[in-house]
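Peer 1: These protein sequences, in sequence, are chains A and B.
My numbering puts the first residue of the first sequence at 68, with every later residue one more than the last.
My numbering puts the first residue of the second sequence at 46, with every later residue one more than the last.
FYI, nobody ran anything at the bench for these hints, they're computed from the structure.
Treat the hints with care, as some may be off.
Quick look at which bits of chain A chain B covers, simulated, 3 or more residues with Cβ under 8 angstroms [claimed, not checked]:
hint, region
1, 368–380
2, 403–410
So these bits of chain A aren't anywhere near chain B, every CB distance computed over 12 angstroms [stated by the list, open to error]:
hint, residue
3, Arg-71
4, Asp-95
5, Arg-146
6, His-215
7, Pro-216
8, Leu-225
9, Glu-229
10, Leu-236
11, Gly-275
12, Ala-327
Source: prediction; values computed, not measured.
Beta carbons: idealized from backbone N, C-alpha and C, even for Gly.
Each chain, written out:
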Amino acid sequence: MTPRRIVIVGAGIAGLVAALEARAAGCDVIVLERGYPGGGNSGRNVGRIRRMQLTEELTRISIAASDYWLRIDRLLGGRNPLLHPTTYALVLYGDDEAERLGALEPMWRATGIDARLHDAATTLDRVPVLQGGERPVGSVLSSALLVHPDAAVHGAYLAARERGVDVRLGVEVLGFESAGGAVVAVETTAGRIAGDAFVNAADAHARGLAGTAGVVVPTHPMRREALVTHSIRPIMDQAVTFYRPFEGWFNQTLRGEIVAGVTDPDEPADYNHDSSLAFATRTAALLARKAPSLLGLHAVRQWAGTYEYTPDRSPIVGAYTGVEALYGLHGWSGRGMLLAPVSASLLVREILTGARDPLLAPFAPARFDGVADDAALHADYYGGYASTGAAS
Amino acid sequence: MRAPLDSPAVTARALADGRPATGRSFRLHRPRSGVCGNGTCGQCGTDPATGDALCCTPAGAAPVRRRDPLRALGLPAERQLPWFWERRLLRPRALRGRYLRVLRGLSAAPGLPPAPAGGPPQRRVVEVETLHVGDPARADPGALVVDAAAGATAFGVYADRTVAVTASGELLEVRCERLVLATGAHLRLPPVVGNDLPGVLHLDALLRYSGQGADLGALRVAVIAPPERHAAVTAALGDRCRLVHVGARIPDRIDGRGRVRRIAVGAEAVACDAVALGLDQPAIELALLAGAHGVLGDGPLPVVVADAVPDWVELRGRAAARERLPGCTAQRDAFACPCEDVRLRDLEAAVASGLRDVELIKRRTGAMTGPCQGKVCQGAVLTALRDLGVEPRPMTPRPFARVTRLADLAVAHDA
């Protein structure tokens, strides 16, 4: 039976795009959101859309994701989410990094993306903001996009309302109700809502929600922080990321602000959303080391969000095992803005036709069946990809 | 923020010279002048040599760019909604290469300020019984005082009662048992047409400029303040500038082009060069970071006040004041948020488009997301939204309570 009435939990970019796609296919769609649209990570990220990834599976879906973003304005009712080109610059400070990433170049070539390993001189030439800082050993540069996350979420929300999606804000889902091995309804703070298919797009809270249907998802929430400076005239065209001594990133927004963050390698797994002083000083200190020309900027605000990490840092998209009519659309591990729209689109097609797109094959929830629920999250960044082979 | 000046700031000199505009607005390129006089409002522009606000920069130190050729583009943009680009101007495939560079080149933003010389700040952890932030005259004996006059700035309250302070080459992490905040007040922007004209400023800023020795003798000043402050204002400013009007009624409009020329109060028109507004929004951002709840108060011109203040935090003086401000009729064409050029009618349009949550409207319009982070505009924005039927929930408090140079945060790190 083709589902007619689809209930989606979470009005972030994942839930809203799923709603728009399902509505376009003729379904009745209800989206339930306990806060406001984009109140989770969809409204707390910096909108980096890149094809370059460390595994072939992630690279292939990221290519599809970038293409999806380039035509998303039609889905958003003609609204422009301020999508614009940038260069994704993964800057390397360790010889081991260069060796590891150099080994990925054949995969990038085979998949048709332009990610290439460059030496130190080319890196400083193409990413001049790094001049005067610690000398990198090289970089991987690739063409990428930046999107304004709020513009995208608002476009999706307004388009969903225009097209008759029933978006209910301030309604918290308390759990799923099953009968005969299938989910048949959600219990909410506004009563019971029945449906034919249910999509769990609750991001960091997806784990707890899945648990109410007896589904174990081995994901872990972790705080990620960011800070933003006042606006300046355009000074850089690259979205910079580095992983030594630990993960950090910075880029300039279309409004001219520099956004930046450096993660805490010992960040505990929890739902803490507070801003920390250690983050502010760590980020400023690492910018002083990598891009000292930025130190005259004034920081205006810092904020925090929660990443939902999976053991292999790849998303969970598809039917959960052990229960019918319940689908996962979460586990972004920091790639939600990139992967959620295309994943939502492919998942909706799967729900309606039963046919699973090959791009989604590596991301089925079933891959974690029987996997220990204590994945090491504090390991080296690159180590997180070892389990899928390509980056090992 | 730098230590207060003992000579007139760029903005003070510009006001005294009758050419108050030193900055320009982000979206519409409207001319702007310093509203706060202490580096919090972000309206006056920055010194290209230091990145500091011009109201914290001595006159003569920084060149002031008077002409803004892009203002011509701001004029037609004023007729558009803040998000007009999304359907009319920009198509995703057009946002490429040279077009994007031209677009970004239209920004009124300043250049990259040079990185300051000198080594990284020293991090020091200090444990005290009582930390006092603000007016030292209100401090208890024995309290550690963070005083802007001594060049110290408290920019955040973090976990474990830790207050972060930058002071002369040091980053202090002050763990305190008690936090006393005598942080004064910001301007509560009244929603009248012309409220963003150069020459409209907080009364505190005018008093500060006067204290810096700015020659304001020729300046015709209209003061709007609650009646109980009139005597003190006249005493402080009567012989420093030409007080052409001292009243409690908020003007029906503020007129001028490029700067204030006159105000209309009822049937009366008063010619003036500056409008000093003694309308206070208590400076409560550190209390909110410490865990107090912000709520929109009542009265004709409501301000955001701190409720449920934790028992270890105390607000003193004007930061604790809940005086009733005179009211006025909100005008659709007035600015609610000058940082992002958001007018009351833009908020109206956002609500009419179906957005009913403060957080959504904030992100949609940009209101409260500029350099002042809501200090000047939050009362005006939330009141307008309340009047449109939206629950006026204040924005999430986050550091930095004062803009903080990255160099002042970049402590030597063990990594």
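Peer 1: It remains to establish, for every hint, whether it holds in the given structure.
Peer 2: Each hint tested on the structure:
1. 368–380: holds (count 3)
2. 403–410: With 0 residues closer than 8 angstroms to chain B, the region 403–410 of chain A misses the three-residue bar; violated.
3. Arg-71: The claim holds: Arg-71/A sits with its nearest Cβ about 26 angstroms from chain B, beyond 12 angstroms.
4. Asp-95: Holds, since 20 angstroms exceeds 12 angstroms.
5. Arg-146: Label violated. Min Cβ-Cβ 5 angstroms, cutoff 12 angstroms.
6. His-215: violated, 9 angstroms
7. Pro-216: violated, 9 angstroms
8. Leu-225: violated, 6 angstroms
9. Glu-229: violated, 9 angstroms
10. Leu-236: violated, 7 angstroms
11. Gly-275: Per Cβ check, Gly-275/A is outside 12 angstroms of chain B; nearest 22 angstroms; holds.
12. Ala-327: violated, 9 angstroms
Checked against the numbered hints above, the structure violates hints 2, 5, 6, 7, 8, 9, 10 and 12; every other hint is satisfied.
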